[in-house]
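Peer 1: Residues per chain are reported as follows:
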Amino acid sequence: MPQIFTASADTRLRAVLFGIVFAVIVGMLFLGDILSSTYSTRVGWVRDQPVPFSHKHHVGELGIDCRYCHAGVEIGAEATLPATHVCMTCHSQIWTNAAMLAPVRESLAQNKPLLWHRVARLPDYVYFNHSIHVARGVPCVTCHGRIDEMPLTVQAQTFQMQWCLDCHRNPAPRLRPADQVTRMDWSDWDHHPERHDGFGEAVMQAHHIDSTKLIDCDVCHR
Amino acid sequence: MSVTGSDELARILAAEHPALAPALDGVARRSLLKAMAASLALAGLPGCDWRPDDDAMPYVNTPENVQPGRAKWYASAVTLNGIAQPILGKTYTGRPVKLEGNPDHPLTRGAGDVFLQAALLGLYDPERSQAPRHLGRPASWAAFDAAMQANARALDQVQGEGFRLLTGAVTSPTLARQIGDLTRRWPKARWHVLEPTREDQRIAAAQLIFGKSLDLHFQLDQAETIVSFDDDLLGPGPRQGVQARLWAERRRAFQAGQGGSRLLVAEPTPSLTGIRADRRLVASPRAVADLVQALALSLGIHDAPAPTLSATAQEWLGAVSRELSEKRGRSLVSVGPWYPPEVQALGLLINEKIGAFSKTLRLIAPIQALPPDDRSFAALVADMEAGRVNTLAVLDANPVYAAPADLVVRAAMDKVPLRLHAGLYHDETAALCHWNLPLEHDLETWSDARALDGTVSLLQPLVRPFYSVRSRHTLLGNFAGGSPEARTVVQDTWRQTWGSDFDARWRDALYSGFIAGSAEPFVTPTVTNRTVIAPPRPLSQALTLAIRPDPTLWDGRFATNAWLQELPKPITKVTWENVIAVSPALAEANGWKNGDQLRLSLEQRAIQGTAWIVPGQERDTVAVTCGYGRDLESGAGQGGYNAFALTATQEPWHRSGIALQAIGDSETVATTEPVHAMDGFDFVRRVAAPGASVAKESKAESFYPERKPDSPAWGMSIDLDLCIGCNACVTACDAENNVPMVGKDLVAHGRSMHWLRVDHYAEDPDEEPSFAFQPVPCMHCEQAPCEMGCPVNATVHSSDGLNLQVYNRCIGTRTCSAYCPYKVRRFNWFDFTGNDPEPIRAMRNPDVTVRQRGVMEKCTYCVQRIRAARITADIETRDVRDGEVVTACQQACPTQAIVFGNILDPQAAVTQRKANARDYALLEEANTKPRTTYLARIEPLDPVERGEG
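Line by line, the protein sequences are chains A and B. Everything in the first sequence is counted per my numbering, starting at 7 for the first residue and increasing by one. Everything in the second sequence is counted per my numbering, starting at 264 for the first residue and increasing by one.
No lab work stands behind these hints, which were simulated from the structure alone. Check the hints yourself; a few may be wrong.
[Stated by the list, open to error] Okay, derived cross-link-like pairs now, DMTMM-like style, lysine to aspartate or glutamate, Cα gap no bigger than 25 Å in a straight line:
{"id": "1", "chain 1": "A", "residue 1": "219", "chain 2": "B", "residue 2": "318"}
{"id": "2", "chain 1": "A", "residue 1": "62", "chain 2": "B", "residue 2": "707"}
{"id": "3", "chain 1": "B", "residue 1": "335", "chain 2": "A", "residue 2": "222"}
{"id": "4", "chain 1": "A", "residue 1": "219", "chain 2": "B", "residue 2": "1139"}
{"id": "5", "chain 1": "A", "residue 1": "118", "chain 2": "B", "residue 2": "1139"}
{"id": "6", "chain 1": "B", "residue 1": "1192", "chain 2": "B", "residue 2": "1045"}
{"id": "7", "chain 1": "A", "residue 1": "118", "chain 2": "B", "residue 2": "318"}
{"id": "8", "chain 1": "A", "residue 1": "118", "chain 2": "B", "residue 2": "1045"}
{"id": "9", "chain 1": "B", "residue 1": "1192", "chain 2": "A", "residue 2": "222"}
These figures come from a predicted structure and were not determined experimentally.
Given only the sequences and the hints, what does the whole structure look like? Please build it.
Peer 2: If you want it as structure tokens, here you go:
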């Protein structure tokens, strides 16, 4: 009976099988990394905007409060982006002819909105509500990072569900006084924990926040 | 990737929607998409559009008081038959997304019906006329204005001779004023009204006995005994919201042990009122007229030979007489508007005799503006035929489709040199007119209208029109050569009435949604004529035809509205077409089955429709409904037959001498409920009297751990004794939750997507059936089988008692639906929403996910409303108050049958309901511990009481 398989057939078969297993493992590792890489999460990536708006200048240097522009943050789900006329409250008087601000003037003149490319964006199936977070004292910097040090706006956190759950499972360490939510630098708070011992727990108790209920699916997904 | 390659589309359409396939020949993609538009699902086409939607466009100048993401509510009204249905419109940055009844309105108190809820889709309907047309080709408004000015100048020379205005029913004070001005300027011009479902026979009846036209207003909340002679008091129409609410008030008092609530009905075909009746008599239209006469005789009103009645009819009449005499001043007799004025006049005299005037029956001056010489539409056709009309202006009417069939409208209209049509759609009449002017929808227009009691509501736009449309006030001005602005015209009307007070009162009227104190005062007229001669009776012919408006399409105006097309009709649960309703006995005698194609011929006309067996219908009565068989440009509304082809001017609602024969084929009918039998189960339970307890199963053991509920613990109670089966809850749920419509074929497969269904049961169908309605939403079981079955935990239980559906986790195994004993879960078998046209996308509620293919969905107890209320309450550091969360179905129900709230709050309305002795759970034996429970119907079970045996 003639041999169907050559002597090296075994080797080749084993090599292929090993290769498949290896590829699968590497693939999983690779994929796992890809999904947490900044390519996927966009952390630290700058997006092209119609105007290269510098938060570092406006917030860090000029000291403008977040809510001056993002006015919806205390009253609704969306923080909202400022209307063109909000920019023009200042820029109708300063830097009135700057080339960089031409799109803003164009927008006002032609009554066409500025097309901003969103940086801090959640998928459509996540229904995030700003107002309750701001009301409870989750500072802007917790999720959006040191905006006052960003010459161009980037996403500071991964906004993965795991990251949201980390806080929702244990909100106390992240809660701050509600009247200081727009404060960017909490280094003194972090360096002197004894000054505000149990603050977060007190807030949770005062507002009957139960962290086991904060992870109900319908809190964010409906 | 293109999702609509025309070959693929054509193939799928041919397979899924064969009714449309012939229309596809030579149709370009764009116009085909327009035709498909809101009414159909583009089944099976993968929507692979991954353009990231992450650009933000803030305002340039934020309008005052607008906060993006927060809803603003505006009070306005939508109209049906010209009658206002007051609404609060919810808008997000200028986009209306939901309509709700205005709870502050003195008459409706927020009650509405399916037409109110579905009006939203009418606003966004891609099939609406979008631009003016002249001789079928797009034209400019400037050209139209120029033509009208020239025409007006010519008419000025002859005092308007030959100008005819045809409108639907008009209650708008502004439109009436404009028409008055027009007829004063052109004394020889005439105004005609065509509203096929108007109650003009009722007004004629009042004219007969009082000597003046009066509207009837039923105080159903004061009537402990209501006798209805084929009057669908609780049934569809402009009266439904108000009358259902008033009836429910009395019913609730009865449930609390205060007085009675009896409904005795004689009718040929089952109606919502008949289904609620305590004693229902099945009687042909002729027998119903005889019964009215017999009752009048027995009360000594009438002076004529007694009609012959069957034994059951006599028994029923005896019960009626007895109950009426027991409740003098607290009873009401109503004769349906389908009957000739003489029969209705007898009804009015009966009411006088039983002391109903000023107590349960009130009379008001007609809320409708009527032409001064009351020229009927028939007179217009005669004038057109004789060549006396040189300009016909049709303003929101459809004579070619809806006029009585004995008037040859087309030929008459052809003789008119200039025909103008202003309407929402390019309909049958528009096709015959030189100029087609697109009309503003009620939700985007300035106008006014009167509710049933005469209270005026101002209609204000919820949104700027997206198409190139004009309001009816502007167009009426245009017809006369002017060019008024709608808002100015409406304001002028009220400036005249209010004088210097105008600004404050105008703002107040816009804010509250009605003009306080504008209701018509009740009048107490004297009866001037007691001799009522009943009309000559036609020779008794074998079959009688009863023509009625359709419960979901009304008179056909909603033919392009997908929500209403797919809304199951309350009793037959048929969708997407109308059927020829026949009695079981007639069907058996002829060997007809559901779905058989029948040919109904009457004199020279014939229609072809699908037979449907309706238990409880009179043996020799055949019932048809209007509104289908449309001939629209896009092809929508073609299903079914046109019942208007069977009407006659003198006999609009009942015809005799019809012939009915099967023509061989059988078609699949898309019904959401093929079987209406309870099969011995106790889905709908009954108790004999208020305060009686309902039989309950003993508590079963469960090996699942008991979850201790945390506050708030959401629950719902549905009172089957209040539910009238109107389906307003279903439409409201569709609107609130972005429920997709799937089209006729998928509904026939049982794949409709309504989250809430209202089951209709007819027991003992061959005898005198006993009927019931049962709304079935998701039960939100505490021990939910679906939660146990889901392999990926896409359905989980929240800490406030909701059974959640997380769409992004769902992989579509459909295990949950298999495990659900109530079968309330709906699966997205195809991508129903990916190819939505722009207007439909704009309509969707942004608070609710629009689901993709492959995920399960179901009632969520309006979780978006719950979350919004909880967040608001949390920010204000308080608990959610009772009544703060109102689910869409609860809000829409005119009888308040549905109550929702926190069951751990002892003061909450839902807790009171659940503590009622009539409370029970559906499918108790499944031991799912549902949070949605029912209250049993109160029906005397004693056979003698029920008139049987």
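Peer 1: With reference to the structure, classify each hint as holding or not holding.
Peer 2: Here is what the structure says about each hint:
{"no.": "1", "hint": "A:219 to B:318", "in the structure": "violated (33 Å)"}
{"no.": "2", "hint": "A:62 to B:707", "in the structure": "violated (45 Å)"}
{"no.": "3", "hint": "B:335 to A:222", "in the structure": "violated (29 Å)"}
{"no.": "4", "hint": "A:219 to B:1139", "in the structure": "holds (19 Å)"}
{"no.": "5", "hint": "A:118 to B:1139", "in the structure": "violated (37 Å)"}
{"no.": "6", "hint": "B:1192 to B:1045", "in the structure": "holds (5 Å)"}
{"no.": "7", "hint": "A:118 to B:318", "in the structure": "holds (14 Å)"}
{"no.": "8", "hint": "A:118 to B:1045", "in the structure": "violated (52 Å)"}
{"no.": "9", "hint": "B:1192 to A:222", "in the structure": "holds (21 Å)"}
Figure legend: structure checked against the earlier numbered hints; hints not met, in rising order: 1, 2, 3, 5 and 8.
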